[in-house]
Amino acid sequence: MALTTIPKELVLKAWAKNCWEAGLRKCFFQRFTGNSSDNIVQIKTDLQKGRGDSINIPLLLPLKGTGISGDNMLEGNEEAMIYRSFDVSIDQVRNAVRLTGRFEEQKTQQNMREDARTNLSNWLADTIDKKIFKVLSTSPSADRVVYAGSANSENTIGAADVFSTDIIGEAKRLATADEDTAVRPIRINGADRYIMIIDQYQARDLMKDARWLEAQQYANIRGEKNPIFTGALGMYNGVVIHQCNRVLRTDTGASNTKVGHALFLGAQAAVMAVGNNPRWDEKTFDYGNQYGVSFGRMFGIKKSAFDYDGDGMATDYGCVNVMTSSVDD
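If you read the sequence shown in my numbering, its first letter stands for residue 276, the second for the next number, and so on.
Do not rely on the hints blindly, as some may be mistaken.
[As the list claims (entries may be wrong)] Here are the simulated lysine-lysine pairs, DSS-like style, with alpha carbons at most 30 Å apart:
no., residue 1, residue 2
1, 382, 324
2, 339, 409
3, 406, 324
4, 483, 500
5, 406, 339
6, 405, 533
7, 324, 409
8, 500, 405
9, 409, 500
10, 301, 533
11, 409, 533
12, 483, 533
13, 301, 405
14, 301, 500
15, 483, 558
16, 324, 558
17, 558, 382
[Unchecked claim] Simulated restraints, written as ranges between beta carbons of each label pair:
no., residue 1, residue 2, range
18, 335, 521, 32 to 40 Å
19, 393, 441, 23 to 31 Å
20, 320, 382, 24 to 32 Å
Calculated from the structure, these hints are not laboratory results. Here a beta-carbon is modelled for each residue, glycine too, at the ideal position from N, C-alpha and C.
Kindly produce the complete structure, drawing on both the sequences and the hints.
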């Protein structure tokens with residue numbers, strides 16, 4: 276009788292795909308991530324189709340002319356379309372685990388091989404989240420930063436400069452003030468929405484704000500089905516607030532005050548470029564006594580930023596950094 280077997284290569288490809296997808300699902304940013312440019316983190320798969328280590332992300336600037344009225348000549352007065360762009364590079368990211376040996380596996384009822392696979396997907400989720408938070412929090416454009424209270428720089432933030440509804444409104448006004456460079460919102464059921472991610476101490480201070488508490492009585496986001504509302508603390512002025520303990524905190528305020536680097540985000544705030552298919556490799560050592568497994572993929576994450584004016588200075592496209600005190604309890 277002929278038996279059907281599955282080639283080992285297909286099994287390894289399936290494990291690689293499962294690990295990648297499981298890692299993405301476990302990410303904090305997974306609810307904000309997708310292939311469309313309407314997501315906060317856009318996934319670009321162009322490099323899966325061919326060789327290369329970077330992709331180019333274009334932006335078509337809006338037309339600024341007033342147009343031609345009446346019977347005045349339009350021919351010869353056409354307006355030029357202007358494109359700006361930035362590059363996202365990829366790198367190979369890998370990790371592996373190696374078990375001690377068959378005797379060590381015998382001593383426990385745990386399925387150590389299954390644990391190894393689960394642990395790698397957890398590591399992948401942590402790695403992706405850390406990379407996204409790092410690129411979004413690092414080197415903000417000068418016109419994409421808001422400081423709480425009377426502070427005018429990171430090192431002048433004091434303990435009293437807490438996170439509040441005031442700074443939510445200030446961040447939104449800054450993000451939308453210039454029509455040509457405004458942070459693009461996420462459109463949900465005809466309404467413009469933004470995301471703000473804060474740390475646990477900023478969330479604590481926000482919960483003391485009477486205007487926040489009052490607004491939540493009418494926000495009614497529990498019935499919303501869009502993923503951006505999943506796990507949200509609430510919404511204020513069209514800004515959906517999320518808490519995550521990975522938000523950057525630094526001892527960079529006045530007198531070493533802890534500073535929380537909250538993120539106000541719109542569509543396409545960052546881009547994740549992925550290369551060829553993920554790899555899952557299994558190997559034995561010491562005459563088959565030790566089992567090892569590795570996972571790897573080529574990808575890169577970069578904050579979206581464009582040189583709108585052609586002056587060589589890029590402006591963050593979908594991100595405003597919001598700095599407040601983040602004092603421990």
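30 Å Cα cutoff - pair residue 301, residue 533: holds, 28 Å
Would you mind confirming whether the straight-line C-alpha gap from residue 409 to residue 500 stays at or under 30 Å? holds, 29 Å
Has the hinted range 24 to 32 Å been met by the Cβ atoms of residue 320 and residue 382? This hint is violated: roughly 44 Å between Cβ atoms.
Straight-line Cα separation of residue 409 and residue 533 no greater than 30 Å? holds, 18 Å
Just to be careful, I want the Cα atoms of residue 483 and residue 558 compared with a cutoff of 30 Å; is the pair within it? The given pair, whose Cα atoms are some 55 Å apart, is violated under the 30 Å limit.
With respect to the beta-carbon atoms only, verify the hint that residue 335 and residue 521 lie 32 to 40 Å apart. holds, 33 Å
Are the Cα positions of residue 301 and residue 500 separated by 30 Å at most? Cα-Cα ~19 Å, so holds.
Tell me if the straight-line CA distance from residue 483 to residue 533 falls inside 30 Å. holds, 19 Å
Given the hint that residue 324 pairs with residue 558, does the C-alpha gap stay at or below 30 Å? At roughly 28 Å apart (the allowed maximum being 30 Å), residue 558 and residue 324 satisfy the hint.
Does residue 382 pair with residue 324 here, judged by a C-alpha cut-off of 30 Å? violated, 46 Å
Please verify whether residue 483 and residue 500 have alpha carbons no more than 30 Å apart. holds, 28 Å
Restraint check for residue 558 with residue 382, where alpha carbons must lie at most 30 Å apart: holds, 22 Å
Of the numbered hints listed earlier, those contradicted by the structure are 1, 2, 5, 15, 19, 20.
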